[in-house]
Amino acid sequence: MMISGNLNTYLIIAAVLLVIGLYGMVQHRSLIGMLISSEFILNGAALNFMAFNRFVAPNPAVGQIYALFIMAIAAAEAAIAVSIIIAVYRKYQSEDPEEVQDMKM
Amino acid sequence: MIVFEYIAEALFYAFVALTFTGGFLAVRSKLLMHAVLGLAVSLFGVAGLYFYLGSPFLTMMQILIYVGAVCIIIVLGVMIGNTPDQLAAKKLTGRNLPIALLACTTGFIALFVATINRTEFTAANEKIGDMSIKFVGENLLYQYCLAFELISVVLLTAIIGSIILARGGREGKTP
Numbered sequence: 001m002m003i004s005g006n007l008n009t010y011l012i013i014a015a016v017l018l019v020i021g022l023y024g025m026v027q028h029r030s031l032i033g034m035l036i037s038s039e040f041i042l043n044g045a046a047l048n049f050m051a052f053n054r055f056v057a058p059n060p061a062v063g064q065i066y067a068l069f070i071m072a073i074a075a076a077e078a079a080i081a082v083s084i085i086i087a088v089y090r091k092y093q094s095e096d097p098e099e100v101q102d103m104k105m
Numbered sequence: 001m002i003v004f005e006y007i008a009e010a011l012f013y014a015f016v017a018l019t020f021t022g023g024f025l026a027v028r029s030k031l032l033m034h035a036v037l038g039l040a041v042s043l044f045g046v047a048g049l050y051f052y053l054g055s056p057f058l059t060m061m062q063i064l065i066y067v068g069a070v071c072i073i074i075v076l077g078v079m080i081g082n083t084p085d086q087l088a089a090k091k092l093t094g095r096n097l098p099i100a101l102l103a104c105t106t107g108f109i110a111l112f113v114a115t116i117n118r119t120e121f122t123a124a125n126e127k128i129g130d131m132s133i134k135f136v137g138e139n140l141l142y143q144y145c146l147a148f149e150l151i152s153v154v155l156l157t158a159i160i161g162s163i164i165l166a167r168g169g170r171e172g173k174t175p
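Line by line, the protein sequences are chains Z and L.
Letter by letter, the first sequence follows residues 1 to 105 of the numbering used here.
Letter by letter, the second sequence follows residues 1 to 175 of the numbering used here.
Worth flagging that the hints you see were computed from the coordinates, not collected in a lab.
Here the structure is a predicted model, which means the values were calculated and not measured.
Among the clues, some could well be false.
To be verified - What follows is a list of derived Cβ distance ranges for each label pair: (1) L/I160 <-> Z/Q93: 25 to 35 Å; (2) Z/V100 <-> L/N125: 50 to 60 Å; (3) L/I7 <-> Z/N6: 13 to 23 Å; (4) Z/N8 <-> L/I159: 33 to 43 Å.
Built from N, CA and C at the ideal position, the CB exists for glycine as well.
Produce the complete structure using the sequences and hints provided.
Dropping the structure here:
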């Protein structure tokens, strides 16, 4: 049995991606770094959807549509987050999440 | 041909390695530019995994949208980050290291031991349709039309929102 044809392989890869994202989210010192980490979490979710779509689901289009949806959400999220970070940087001259705690604009 | 199966299997390992090394680079590198590069490498690896899951369409979309668009947006954000001499004064990564390690190990163990390893996933009896782009397009425009419309509205909202948020500085005032 080839390892690339096994559902559990993909689930474990997706779990590792999620964990990489969590790790980066906690320990990065900049808002941009946290944004990069969140992309890993979203990718782990999309990979999970695709794995279940390939091996379990009866309709093989649903998982692909869901993964596409996640990609669009991620693109929108990145655009919004970067513009928020730019606005925050203008106000605080910093992108360290420790220094922008009070959120007063 | 059994040889081709082994080559495909080796390529699968290569894509998994790309995904993980990219991820490691993204969360551990000192410079944000290297982190974005790691993100791009990792997303490319995930695109290869999509190919192994039988969807060349999503592979192309992953490369176009993620590697092409999202990484470029993040690079635009990196421009406002610290300059190299500011970076020399403080470490970019490494905050909360024990908490981070604890969170990721417990998360992985919970996912792997309690969920993935124990659950028996049974496949559906029969598949309707195939993995082709034609079938995806028909589903997207008939049965899952709401998702399609929702993507459009979300993207439009994001465009307008990011313009409003980011242009405030033009007149010298924040939004």
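Outcome of the hint check:
1. L/I160 <-> Z/Q93: 25 to 35 Å: Once the Cβ atoms are compared, 27 Å apart, the range 25 to 35 Å for Z/Q93 and L/I160 holds.
2. Z/V100 <-> L/N125: 50 to 60 Å: holds (54 Å)
3. L/I7 <-> Z/N6: 13 to 23 Å: Cβ of L/I7 to Cβ of Z/N6: about 18 Å, so the range 13 to 23 Å holds.
4. Z/N8 <-> L/I159: 33 to 43 Å: Taking Cβ atoms as reference, Z/N8 and L/I159 lie about 40 Å apart, which means the hint holds.
Taken one by one, the earlier hints all hold for this structure without exception.
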